[in-house]
Amino acid sequence: DAKTTQPPSMDCAEGRAANLPCNHSTISGNEYVYWYRQIHSQGPQYIIHGLKNNETNEMASLIITEDRKSSTLILPHATLRDTAVYYCIVRVRSNDYKLSFGAGTTVTVRA
Amino acid sequence: NAGVTQTPKFQVLKTGQSMTLQCAQDMNHEYMSWYRQDPGMGLRLIHYSVGAGITDQGEVPNGYNVSRSTTEDFPLRLLSAAPSQTSVYFCASSLGVQETQYFGPGTRLLVL
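Just so you know, the sequences run in chain order S and R. The opening position of the first sequence corresponds to residue 18 in the numbering used here, with each subsequent residue numbered one higher. The opening position of the second sequence corresponds to residue 42 in the numbering used here, with each subsequent residue numbered one higher.
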């Protein structure tokens, strides 16, 4: 699976959009971009995933650049409950079951 | 749906003791797995199962055993606990190998 690079931390004001970047310059054509988050002491929570088109669900939006070398997770209206570590994972949807979690981005939403 | 459940939430063991961490899911998922997470690190895959009666090793399988007798349950056994196994253990399940994985709340294990 391709390696991802995320900033170690970022702050966001409550009620504002949080834009979380992820670089995956070595991504290959059959690799998906997944986002999970882990709120302190809890299990990882799936947020969203995509291949090349932008995706949106009830939690977030995922914007993938045309060359697929980077992506941005957007939390449209951040709340204090969104404070968590956010993981960007690139994964081939194949018979390899493993999810490779890196260090992620620690997002702190401030009132 | 309860989703993925894990018991116990917290456990203290002495070196050499054995125990079983329980994991159950009620979503009829075929795929289940165990990860461990050490402080400041990402999750590492211990063992996984692609269906009842079928298991395989992940990245860090040594010291752990698993079995999958039913679709719902996937217990993780520590045969002889060591301090290096102090960690938080997460169980996950998914409908298929390519599908989204859903995680349980975790079991915090301390081995003295």
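Possibly wrong hints are sitting among the right ones.
Said to hold, decoys possible - Quick list of in silico lysine to aspartate or glutamate cross-link-like pairs, EDC-like style, CA-CA up to 16 Å:
no. : chain 1 : residue 1 : chain 2 : residue 2
1   : S       : K115      : R       : E71
2   : S       : K115      : R       : E113
3   : S       : K69       : S       : E83
4   : S       : K69       : S       : D84
5   : S       : K115      : R       : E140
6   : S       : K69       : S       : E48
7   : S       : K20       : S       : E48
8   : S       : K115      : R       : D97
9   : S       : K86       : S       : D28
10  : S       : K115      : S       : E31
Hint data in this document are derived by calculation from the structure and do not stem from the laboratory. Owing to the predicted nature of the structure, the values given are computational and were not obtained by experimental measurement.
Taking only the CA atoms, is the gap from K69 (chain S) to D84 (chain S) under or equal to 16 Å? OK: K69 (chain S) and D84 (chain S) at ~9 Å, within 16 Å.
Pair hint K69 (chain S) and E48 (chain S), alpha-carbon separation not exceeding 16 Å: Within the cut-off at roughly 10 Å; holds.
Sort out whether E140 (chain R) lies within 16 Å of K115 (chain S), counting only the CA atoms. holds, 11 Å
For the pair supplied as a hint, K115 (chain S) and E71 (chain R), confirm whether the alpha-carbon distance does not exceed 16 Å. This hinted pair holds, its Cα atoms lying about 15 Å apart.
For the pair we were handed, K115 (chain S) and D97 (chain R), check the Cα-Cα distance against 16 Å. With a Cα-Cα distance of about 11 Å, the restraint between K115 (chain S) and D97 (chain R) holds, given a limit of 16 Å.
Going straight from one Cα to the other, do K86 (chain S) and D28 (chain S) come out at no more than 16 Å? violated, 24 Å
Need the status of pair K69 (chain S), E83 (chain S): alpha-carbon distance at most 16 Å? holds, 7 Å
For the pair we were handed, K115 (chain S) and E31 (chain S), check the Cα-Cα distance against 16 Å. violated, 34 Å
Decide if the proposed pair is consistent with the structure: K20 (chain S) and E48 (chain S), CA atoms, cutoff 16 Å inclusive. With a Cα-Cα distance of about 11 Å, the restraint between K20 (chain S) and E48 (chain S) holds, given a limit of 16 Å.
Quick one, are K115 (chain S) and E113 (chain R) close enough, alpha carbons at most 16 Å? Outside the cut-off at roughly 20 Å; violated.
The structure fails hints 2, 9 and 10 (numbered hints given earlier, in ascending order).
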